[in-house]
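Trainee: So the chains spell out like this:
2 protein chains.
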Amino acid sequence: MNGADLLCETLLANDIDVCFANPGTSEMHFVAALDRQPRMRCVLGLFEGVVTGAADGYARMADKPAATLLHLGPGFANGIANLHNARRAATPIVNVVGDHATFHLPYDAPLTSDIESLARPVSHWIGRADLADNVGQRTEEAISAATRSPGQIATLILHADAAWSPTTVKTVGRAPRQVLRQPDMGRIDRAAKALRSGRRTTIIATGPALREEPLKRLDRIANTAGARLMAQQANGRIRRGSGLPVVDRVPYGVDQALEAFAETEQVILIGAKAPVGFFGYPGKPSSMLPEACEVMDLLADGEDMVAAIEALAEAVGVRPDLAARLAERRSPAMPSGRLTADAIAAVLAHHMPAEAIVCDESVSSGFGSFLMTSGAEPHDFLQLTGGAFGLGLPMSTGASVACPDRKVIGLQADGSGMYTVQALWTQAREKLDIVTVIFANRRYQILRKELENVGAGAPGENARRMLDLDNPDLDWVQIAAGMGVEAARTDTVEGFADLLASACARKGPFLIEAVI
Amino acid sequence: MNGADLLCETLLANDIDVCFANPGTSEMHFVAALDRQPRMRCVLGLFEGVVTGAADGYARMADKPAATLLHLGPGFANGIANLHNARRAATPIVNVVGDHATFHLPYDAPLTSDIESLARPVSHWIGRADLADNVGQRTEEAISAATRSPGQIATLILHADAAWSPTTVKTVGRAPRQVLRQPDMGRIDRAAKALRSGRRTTIIATGPALREEPLKRLDRIANTAGARLMAQQANGRIRRGSGLPVVDRVPYGVDQALEAFAETEQVILIGAKAPVGFFGYPGKPSSMLPEACEVMDLLADGEDMVAAIEALAEAVGVRPDLAARLAERRSPAMPSGRLTADAIAAVLAHHMPAEAIVCDESVSSGFGSFLMTSGAEPHDFLQLTGGAFGLGLPMSTGASVACPDRKVIGLQADGSGMYTVQALWTQAREKLDIVTVIFANRRYQILRKELENVGAGAPGENARRMLDLDNPDLDWVQIAAGMGVEAARTDTVEGFADLLASACARKGPFLIEAVI
Chain A
1 MNGADLLCET LLANDIDVCF ANPGTSEMHF VAALDRQPRM RCVLGLFEGV
51 VTGAADGYAR MADKPAATLL HLGPGFANGI ANLHNARRAA TPIVNVVGDH
101 ATFHLPYDAP LTSDIESLAR PVSHWIGRAD LADNVGQRTE EAISAATRSP
151 GQIATLILHA DAAWSPTTVK TVGRAPRQVL RQPDMGRIDR AAKALRSGRR
201 TTIIATGPAL REEPLKRLDR IANTAGARLM AQQANGRIRR GSGLPVVDRV
251 PYGVDQALEA FAETEQVILI GAKAPVGFFG YPGKPSSMLP EACEVMDLLA
301 DGEDMVAAIE ALAEAVGVRP DLAARLAERR SPAMPSGRLT ADAIAAVLAH
351 HMPAEAIVCD ESVSSGFGSF LMTSGAEPHD FLQLTGGAFG LGLPMSTGAS
401 VACPDRKVIG LQADGSGMYT VQALWTQARE KLDIVTVIFA NRRYQILRKE
451 LENVGAGAPG ENARRMLDLD NPDLDWVQIA AGMGVEAART DTVEGFADLL
501 ASACARKGPF LIEAVI
Chain B
517 MNGADLLCET LLANDIDVCF ANPGTSEMHF VAALDRQPRM RCVLGLFEGV
567 VTGAADGYAR MADKPAATLL HLGPGFANGI ANLHNARRAA TPIVNVVGDH
617 ATFHLPYDAP LTSDIESLAR PVSHWIGRAD LADNVGQRTE EAISAATRSP
667 GQIATLILHA DAAWSPTTVK TVGRAPRQVL RQPDMGRIDR AAKALRSGRR
717 TTIIATGPAL REEPLKRLDR IANTAGARLM AQQANGRIRR GSGLPVVDRV
767 PYGVDQALEA FAETEQVILI GAKAPVGFFG YPGKPSSMLP EACEVMDLLA
817 DGEDMVAAIE ALAEAVGVRP DLAARLAERR SPAMPSGRLT ADAIAAVLAH
867 HMPAEAIVCD ESVSSGFGSF LMTSGAEPHD FLQLTGGAFG LGLPMSTGAS
917 VACPDRKVIG LQADGSGMYT VQALWTQARE KLDIVTVIFA NRRYQILRKE
967 LENVGAGAPG ENARRMLDLD NPDLDWVQIA AGMGVEAART DTVEGFADLL
1017 ASACARKGPF LIEAVI
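Order-wise, the sequence lines are chains A and B.
The numbers in the working numbering rise by one with no breaks, and the one at position 138 of the first sequence is 138.
The numbers in the working numbering rise by one with no breaks, and the one at position 180 of the second sequence is 696.
Each hint should be verified, as a subset may be incorrect.
Computed, partial: chain A to chain B, Cβ under 7 Å [what the hints assert, rightly or not]:
1) Ala-32
2) Phe-47
3) Arg-88
4) Gly-387
5) Val-454
6) Ile-479
Derived CB-CB ranges, DEER-like [said to hold, decoys possible]:
7) B:Ala-790 / A:Glu-452: 51 to 59 Å
8) A:Asp-470 / B:Gly-1011: 31 to 39 Å
9) A:Arg-200 / B:Glu-977: 54 to 62 Å
10) B:Glu-977 / A:Glu-486: 54 to 62 Å
11) A:Asp-470 / B:Ser-1018: 24 to 32 Å
12) B:Pro-622 / A:Glu-452: 24 to 32 Å
13) A:Glu-486 / B:Glu-1010: 27 to 35 Å
14) B:Ala-816 / A:Gly-302: 52 to 60 Å
15) B:His-866 / A:Glu-486: 36 to 44 Å
16) B:Lys-1023 / A:Tyr-252: 38 to 46 Å
Keep in mind that the hints were calculated from the coordinates and are not lab data.
By construction, the Cβ of each residue, glycine as well, lies at the ideal position given by its N, Cα and C atoms.
Model the full assembly from the supplied sequences, consistent with the hints where possible.
Mentor: This is the structure:
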C-alpha cells in the first residue's frame, strides 16, 4: 500500500465513494490507486469548475461529501468559483489537490503555485500530506472538517511523493465526526418570547431547517405565533411542492427586500444570515432590515438545528392539531403562443414529475419559476448560493449522480450556462437523467437591468458588446449535440410543453433551448 | 467625470485601448464609462479564462498590455489559470477587478471573497482603489507595474463606490515607465570568457532574446563560440521559420532533457530559468543539468536584454561576415493516408502562410509540429508557458485581436481545448482570422503516457474513465458551429491538407477537427 492507496481506502472507510475528477501528472499515482479500487466511482469533468460544482450538487442530495481530484494550483483555481458557491451553501466537500513531490517544489517548475493562498478564501480546512505515513491522518482530518456542521470545504494537498511512497500504516481510520450540541434553552426561550410578544416577526431559515419535517414544524410555529416564515435568498436545498409549506424567499432586489422588511420588528435567524443586499448601491442601505429591527439567532454554531426547532415548537406551544399551511397540488393557467420566462414556469408546474430535483441557475429569467412551482409535485429546489455563475449544469450533474432514480431539471440561463458548458459531456458520459432548460434570452439580462439602474441610459456600442450574447447567437442544440446530449429548440409555449413532457417521460440527458 | 471614467481615461492615456471583459453588477459603472468612450475596444469573453488568456495572447503580440475586466473574487478566480500562464510568459496585463462598495464589504454579501488571497499567486502588483480620487493614481501604479521588465501582472481592485463617485481629479496621468539599466559588463565578460573557454556550453534564452534581431545575433554568437543555443522549454513568443535561426527548445521529457544536457559543462541563461523537470519523478533528479555544470545569468533583473546580447556579441568578437545558421525554406515530405500528429505537422509546414502566428497548446500531439515547421514560412510561435490547460483558444483570440492582418493558427489538443472552449464564440463575434486545428485523439494522451510511466500497467475501468475522452466522442464540428465558427472534420492527410489550404486562403475563424 502506498500513500495514494491509503488516501483512497480512508475515503472509502468513511463512506466517501464518489470522486469527481480532473487529474494531471502529479495525481497519476492517485489515479493508479483509484484504478485498483473499483468501489470508488470516478466521474470525469472536462473542466475543474464542472468537478467542484458536481461535488456540490452531489453532496446537497447525498447528505455526505464527495471527493474531488484536482491538478495543482491552476487546476484548483479553475474550481474555485463553484467552491465559493458550495461554501455559501454549507456543502461538505473533500478536495484532493495534487502538488509536486516535496523535493521538486523548491525548483519552481512551471505549474508550481501557492495553493494555500488560492484555497484559503474557499476552504474551512487546508492541510498537506507530505509523507505517505501521514496521508491517512490528514485525510481523516479533512473528512472531520468537511462534515462539521453545517458543512465545510476541506482541501487536502497531496504531494506526489507522499502518494507514490509505500506506507507503514496498516489500518485505515474512521474520521471522528462532530457531535452536535443540544440547543441552548436560553436562546430558545428568547425566541419563543419574541414570537409571543405580538411584535411583527419574521423567521428566516436555511440549511436543514428547509427539509420536510423541520420545515413543516416551522410552518406550524409561524402559524401559531402569527409570524412570517421565509427562506434565505439563496439556499442549498428547499423541500417544496404540494403537501408542503409554501415558503417565500428573501427577495433578491434591494427595493423589494427593503419593502418586504419595512414593517418587521424582529427577525429570528435559523442557520440563516441577516438579509443584506446582493450588491451595494448609491444611496441605498446594505442591510435589508429596518434599523430598529431586533435580530436573534435561534442556535449557535455546532448546535442541533432540528432539535432547536423541536424545542421552539414546544416552547411556543404548537398545537398538534393545528392545520399547517400546506400547498395544494395546482398548476397556474397554461398560457399559449410566444414563449416567455413565466410561461416556462407555468409549463414546469404542470409537467414536473414527483420527486424532481430542480437545479436553478436561471438568474433573472427564473424569478417566476420559484413562485409558480409552489403547487407542483413535491420536489427539492437547489439554488445558486454564492452568486458565482457556472454552477447550474455541474450541480445538475452531481445531483443526478447522487439520486439516479429521480428526474433532475436544470433551469439554466444561457449566459451563466456557458461558464461550465463542459458539464453536458459528463451528463452524456454518465447517462444522467437530466432535463436542462436553457432560458435563451441571448443577453446578460440581469446586467442590462443593472445598467439601467446606473442611469446610463440606452446602452451604446461598448455596453451592448459586453452585455449581449448575440452576433452570433449561441446554438445550444448544436453545442449540446457536440457533447453527446440530445437537444431541441422551441420558441412557443406549446412546443416547450411538448418537449418538456416527452423529456420527462424518457430517461437520460436532454436539453431544451427555450428561446424567450 | 467619476472614478470609472478616470480609470478608462488613464488606461487610454497610457496606450491601453483594448479591454477583454466579462463584467458583472459591481462593474456596471465601469461598463457605463467604457460605453461613453468608444476609443476603448471592449471584447467580451463568455468565461473569464477566455478573458485572461486573450489578454495574454494580445500582449505577447502587441508588445503592450491589454486590460481585463473581471467580476469580484469568483470572476477573478475563473481567470487565474491563464494568468498563471501569463505570469510564466512574463506577459504584461492590467486586471481590473470589481469589488463591492466599501460600505457594503463588511456585510459579507454572497459574492464577497478575499480577492487579494486569490490574486497574490498570479500578480506581481495588487492595489485597491477605494476612492474616486485615487483611481487615477492606482491605475498609473498598475500600468507601471505591468510594464516592468520583462512583463508583469498587475491587479487593480476597484470598489464600486470608487467607480461611481465623482472625482475632483482633472488631469489624466502618464504612468512612469521603467528605464532598463545598461548591462553589467562584469556579467558580460564572464559569459564571454566562458564561451571562449572551450568547455561545452549551452546558451538558454527566452523573452526578447527570441525576437528576430537578437536571435540572429545570438545564433552568430553561438556559432562563433561553438556553443549550443536553445530556447527555454516554453516561451511566450519565438521568431522562427525560413531565413531565421533554427533553435531547439529544452526538451519536455525528463529523460530527453537529462540526455540533452549530459555533456554540458556550462549554461549561460538569458532571461531563462535553469532547466528543471516539469514534474518530479521517483528516483529522477529535479534539475536537468549535471551537478558540476556551471550556471551563469547574462543579465540581472531590470537590465536591457537586447543591449546585453549586443555587448556579448562584441565581447566574443562575432565576425559580421560569419554565416548565420539560418533555416532554408523547406517542407518535410508529404505523407498520405491516415492522419497522424506528425502528418499534421508536415502539412502545416507546407501550407502555413508567411507571418502566421502559431498558438500552440497541442500538448503531446504537437511535439512534432515545432520541429517540422522550422523551415516553414517565417512565423511567430507562442507556447503554453505555465502548463495550465486552457490557454490555446483564448491566446489565439487575443493574438488575432492584436494582429488582425496576420493569420493565426491554433494548434489545439482536444482535452485542453475543452477547458476554455467558449473562446470560439469570441472568435466568431470578432470575426477573427484564426484557423484552429483540433488534434482529436480523444484522450488525455499525455496522462496515458504518465500512467504507463507510473508502472500501473494497462489502465482499468477507473483510469480509463479519467483519462479517455470517449463515450461519447466530442463532436468539435457541432461544438464550433454552435458558437458560430464554421468547422469540418477529417481523418486523412489529403483531407486535412485540403481543409488547411482553403482555411488559410480565406479570412475569418475556421476549425478543423483533425481525428488522429
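Trainee: Run through the hints listed earlier and report the numbers of any the structure violates, in increasing order.
Mentor: 10
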